[in-house]
Amino acid sequence: MRSPIRIVFEQRNETPKYLSTLVPLISVIAALVAGGLFLLATGYSPIDTYSNMLSDGFTSSRGITDTLGLSTVLICTGISAAFAFQMNLYNIGGEGQLYLGMIGGAWAGLALGDRLPSFVMIPTVLLLGSLAGAVWILIPAYVRSRLGTSEIVTTLLLTYVAASLVDHFVYSPGSFFVTKNSAFPQGRLVPDSASLTAFGDTSLYPTFFLVALLALVLYWVVKRTEFGYRIQVIADSPRAAHYAGINANRTTLSVMLISGALSGLGGAALIVGPFGRLDPGITLLGYGYAGIVIAALARNNFSAIIVSGILFAGLRSGGDKLQISTDTPIHIGVMLQGAILLFALGGEAFRRYRIHAVRAERAAQ
Amino acid sequence: MTNTSHEVAKGPHHESGAAPSALSAHSIVKRFPGVLANDSVDFDVLPGEVHTLLGENGAGKSTLAAMLCGLYQPDSGYITRNGERIALSSPRAGLQHGIAMVHQHFRLVERFTVAENVILGSRDLSFRLNRSELENRVSAVAESYGLPIEPGATVGDLSVGQRQRVEIVKALYQGAEILLLDEPTAVLVPAEVEKLFENVHAMTQAGKSIVFISHKLGEVVEISDRVTVLRNGRVTGHVSGRGTTDTKELARLMVGRDIELTTQRASHATGHEVLQIRDLSLNVGGVSVLSDISFNVHAGEMVGIAGVAGNGQRELADTIAGLLSPTSGSVAITGSMSTDRGPIHARELGLAYVPEDRLGMGLVPSMSILDNLLLTRDRHIVVDRASVQPEAVRLIDQFEIKANGPEHIARKLSGGNAQKVLLARELSGGRSATKLLVVCSPTRGLDVGAIETVRALLDDARSAGQAILLISEDLDEVMSLSDRILVLYRGSIVHETPGESAQLATVGAAMAGLSTEGNA
Ligand SMILES: Nc1ncnc2c1ncn2[C@@H]1O[C@H](COP(=O)(O)OP(=O)(O)OP(=O)(O)O)[C@@H](O)[C@H]1O
Ligand SMILES: [Mg+2]
Chain A
343 MRSPIRIVFE QRNETPKYLS TLVPLISVIA ALVAGGLFLL ATGYSPIDTY SNMLSDGFTS
403 SRGITDTLGL STVLICTGIS AAFAFQMNLY NIGGEGQLYL GMIGGAWAGL ALGDRLPSFV
463 MIPTVLLLGS LAGAVWILIP AYVRSRLGTS EIVTTLLLTY VAASLVDHFV YSPGSFFVTK
523 NSAFPQGRLV PDSASLTAFG DTSLYPTFFL VALLALVLYW VVKRTEFGYR IQVIADSPRA
583 AHYAGINANR TTLSVMLISG ALSGLGGAAL IVGPFGRLDP GITLLGYGYA GIVIAALARN
643 NFSAIIVSGI LFAGLRSGGD KLQISTDTPI HIGVMLQGAI LLFALGGEAF RRYRIHAVRA
703 ERAAQ
Chain B
115 MTNTSHEVAK GPHHESGAAP SALSAHSIVK RFPGVLANDS VDFDVLPGEV HTLLGENGAG
175 KSTLAAMLCG LYQPDSGYIT RNGERIALSS PRAGLQHGIA MVHQHFRLVE RFTVAENVIL
235 GSRDLSFRLN RSELENRVSA VAESYGLPIE PGATVGDLSV GQRQRVEIVK ALYQGAEILL
295 LDEPTAVLVP AEVEKLFENV HAMTQAGKSI VFISHKLGEV VEISDRVTVL RNGRVTGHVS
355 GRGTTDTKEL ARLMVGRDIE LTTQRASHAT GHEVLQIRDL SLNVGGVSVL SDISFNVHAG
415 EMVGIAGVAG NGQRELADTI AGLLSPTSGS VAITGSMSTD RGPIHARELG LAYVPEDRLG
475 MGLVPSMSIL DNLLLTRDRH IVVDRASVQP EAVRLIDQFE IKANGPEHIA RKLSGGNAQK
535 VLLARELSGG RSATKLLVVC SPTRGLDVGA IETVRALLDD ARSAGQAILL ISEDLDEVMS
595 LSDRILVLYR GSIVHETPGE SAQLATVGAA MAGLSTEGNA
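Top to bottom, those sequences are chains A and B. Per our numbering, the very first residue in the first sequence carries number 343; after that it's consecutive. Per our numbering, the very first residue in the second sequence carries number 115; after that it's consecutive.
If you're looking for bench data, these hints aren't it; they were derived computationally from the structure. Take the hints with a grain of salt, since some may be wrong.
List of simulated lysine-lysine pairs, DSSO-like, C-alpha gap at most 27 Å [to be verified]: (1) B:Lys330 with B:Lys362; (2) B:Lys309 with B:Lys362; (3) A:Lys565 with B:Lys516; (4) A:Lys565 with B:Lys526; (5) B:Lys516 with B:Lys362; (6) A:Lys522 with A:Lys359; (7) B:Lys330 with B:Lys309; (8) B:Lys309 with A:Lys359; (9) A:Lys359 with B:Lys330; (10) B:Lys330 with B:Lys549.
The whole structure should be built from the sequences, with the hints applied where relevant.
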């Protein structure tokens with residue numbers, strides 16, 4: 343008599359180093375395969391679609407600069423998510439904080455007008471955007487640190503509120519953010535002093551380098567500073583933090599505010615960069631949500647987020663161009679993003695557990 | 115202390131060699147990065163036998179036991195059960211072969227209740243029980259083992275001693291044929307140890323087998339049919355036959371020299387009052403945990419707190435350390451109030467504190483030894499690891515911590531070596547010169563050589579004028595070291611006696627709540 347086969351998850355005592363690179367890599371490949379099957383099933387050629395995407399996203403020089411340009415905001419939302427995740431704080435409202443960053447940045451640009459020089463305006467816009475992102479997470483952060491209320495629910499709910507806020511500022515008559523007497527409601531462009539110039543005729547702005555540098559700085563902060571030390575202690579063992587007199591409430595508050603600010607910075611980078619105005623189209627792009635996936639794929643490692651952010655940007659910008667140029671299913675890029683998240687989270691199981699099939703043995707007694 | 119009545123049970127198997135061993139390891143090799151934890155180890159346990167593994171901290175005992183229960187897999191070598199080769203791919207597979215283990219680093223789920231933890235992973239989960247039924251059942255089972263536990267309590271709220279009881283009850287509850295006990299008695303009081311040993315005897319009488327690991331040599335002599343000594347991952351000695359050895363010989367086999375455990379006490383002339391506790395009461399969640407406690411500890415004095423786990427010891431220590439705020443009363447360190455202003459303030463007043471719970475409270479498991487040394491120190495804004503590096507190297511050397519270096523992750527240390535890191539940090543001073551040392555079960559899990567070292571260090575600290583509060587469930591330790599002994603029972607001090615004239619019987623009775631009048 344054959345006994346049935348069971349799948350056994352066995353916790354690893356030690357995660358081999360290679361798995362930490364292999365698992366994300368395989369998650370991406372598996373997602374591409376799954377996406378390919380989907381393309382096949384719906385009557386498209388996966389090979390053609392992917393090669394078009396690849397050339398649009400990664401191989402042509404135009405494609406590469408577009409990818410890097412798009413990665414700017416994605417790295418922001420990625421480090422925003424990772425900064426909270428590393429302390430087991432699940433800020434999944436980066437999307438909403440990003441909108442607020444746009445609102446704050448656009449407001450600063452419009453309100454200050456053309457009176458100040460660029461080297462004052464740009465930092466001011468970025469700062470105000472970040473501040474607005476931080477304000478948007480203030481309440482979730484406060485109730486989480488004081489009362490322990492789940493930040494997952496609160497940050498997500500506020501994202502919907504933020505989306506309505508964007509709509510309100512763009513569509514309500516006489517809004518400060520829009521061009522007056524225009525037939526079509528559209529955000530006003532911020533003045534030139536609040537706009538950066540892209541390199542050549544690409545969509546790559548200097549903010550990319552700022553953001554990449556910021557990711558490296560955060561890496562250093564977590565590994566080397568007292569603040570990072572506290573984060574590590576609290577993340578691993580709240581009781582040890584208490585024992586050592588580390589104020590977990592205050593650290594929770596700071597970490598969440600910084601996380602919100604980083605998403606806000608992403609929004610402000612769109613203002614000084616490609617968008618230049620408060621654009622309601624942002625609510626359809628899901629850059630904030632993408633940050634969650636980017637952080638998960640990079641396992642909250644800030645320098646790895648630069649890589650996963652660029653990878654995602656490539657998939658997205660390649661996918662977006664397909665939609666314009668060829669007859670392919672729309673949103674293949676977004677779909678791949680979802681698939682990567684699923685496989686990356688599933689891959690975590692492989693990192694933590696050894697998985698094998700066994701024949702169910704007779705009970706010992 | 116030899117108990118001859120049990121020799122009968124195992125004698126015949128051993129001599130005839132006919133019965134295969136219940137469980138054996140054959141040329142087992144297990145390597146961790148930088149260490150060979152087990153180097154071709156052969157080990158076996160017969161039906162009806164207690165076979166003890168003995169060895170210094172980091173010798174590889176827990177690693178071997180973990181492979182015997184399926185938690186780790188050997189790099190090479192194999193395991194047989196009743197002579198048949200088996201693959202133990204997981205603890206669950208181990209349970210299916212009738213093997214259960216009590217782990218040194220507890221593997222309980224802190225958020226679950228005691229009852230949930232006990233039934234977790236056991237085979238009879240197929241029928242559903244409601245909460246109170248389950249709790250009654252677990253409670254009844256625990257009672258029958260003589261190790262009472264409160265089934266409804268959340269494990270995270272329990273003291274280490276109480277958790278130990280839960281671990282043991284859980285393992286016994288599995289109904290295993292082979293029980294691996296990794297330092298089960300480290301935090302138990304003598305009465306509980308006696309109960310455990312009764313259970314062990316009942317099991318061996320029924321032909322079941324026990325693998326026992328302990329640093330308490332008296333226990334080893336009392337309970338073992340055979341002893342195997344490990345050193346640096348290799349088997350270096352055997353003793354077989356009950357009652358053929360004594361603790362001195364075992365110590366020699368283990369560390370290669372004679373061990374003298376000091377039992378020195380301070381001269382009566384002690385200094386000023388360093389710790390002053392006045393009418394201290396503490397309620398947690400409406401329940402009185404400490405009531406009306408008053409006592410002092412003087413410079414150069416060691417005061418021992420004896421008591422059964424869960425009578426308020428942990429809360430007393432936490433309150434002194436500024437981790438809990440008293441409901442009423444006061445705690446002063448060198449004349450300044452230390453409560454209400456948090457643990458850092460207490461440390462600035464000269465406190466050093468070794469909590470009973472080492473991994474998870476005293477140490478951060480995922481951090482290196484170096485980072486753990488920084489836990490209670492001033493770290494500066496940019497953590498200055500480089501300047502602590504030489505001290506880390508020196509402490510590793512001084513405390514003979516078996517590790518690959520200061521970067522070794524705390525979770526990957528053997529139990530005794532983790533304890534040594536904690537002691538090394540707290541005994542070597544921190545934010546300010548130590549004036550008051552609060553130590554909970556300081557020698558828990560240490561080998562005899564290390565106990566000698568730690569006791570000598572505590573002695574030095576006392577001679578240097580530090581006030582020491584020793585809180586331990588190891589009554590022997592409290593009795594042999596303290597200048598003064600206080601017994602804590604249900605949150606009150608019920609007995610006080612000078613150390614040198616303390617009577618085991620009287621202190622034991624007070625711990626059990628049988629005597630209420632002090633005689634000091
Ligand atoms: N997960 C691990 N990763 C790396 N090294 C480990 C790991 N577990 C144990 N070791 C190392 O293996 C050696 C043996 O450890 P083990 O826990 O078996 O010792 P032990 O004999 O049980 O000691 P103790 O009496 O202190 O509990 C030690 O040097 C320890 O540092
Ligand atoms: Mg051990």
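Here is how each hint holds up against the structure:
Distance hint between B:Lys330 and B:Lys362 is fulfilled; the C-alpha atoms sit about 12 Å from each other, no more than 27 Å. A distance of roughly 25 Å separates the Cα atoms of B:Lys309 and B:Lys362; the hinted pair therefore holds under the 27 Å criterion. Between A:Lys565 and B:Lys516 the alpha-carbon distance is near 25 Å, which keeps this suggested pair within the 27 Å criterion. Under the criterion of a C-alpha separation no larger than 27 Å, the hint pairing A:Lys565 with B:Lys526 is consistent with the structure, at around 20 Å.
In summary, the hint linking B:Lys516 to B:Lys362 is supported, as the alpha carbons are separated by about 24 Å, within the 27 Å threshold. Using a Cα cut-off of 27 Å, the hinted pair A:Lys522 and A:Lys359 is violated, with the two alpha carbons roughly 59 Å apart. Proximity of B:Lys330 to B:Lys309 is assessed by CA-CA distance (about 16 Å); at most 27 Å being required, the pair is judged to hold. For the hint pairing B:Lys309 with A:Lys359, the CA-to-CA distance comes to about 45 Å; that exceeds 27 Å, so the pair is violated.
Among the hinted pairs, A:Lys359 with B:Lys330 is inconsistent with the structure: their alpha-carbon atoms are about 38 Å apart, more than 27 Å. Annotation: proposed proximity of B:Lys330 to B:Lys549 is violated, straight-line Cα distance about 31 Å (limit 27 Å).
Checked against the numbered hints above, the structure breaks hints 6, 8, 9, 10 and satisfies the rest.
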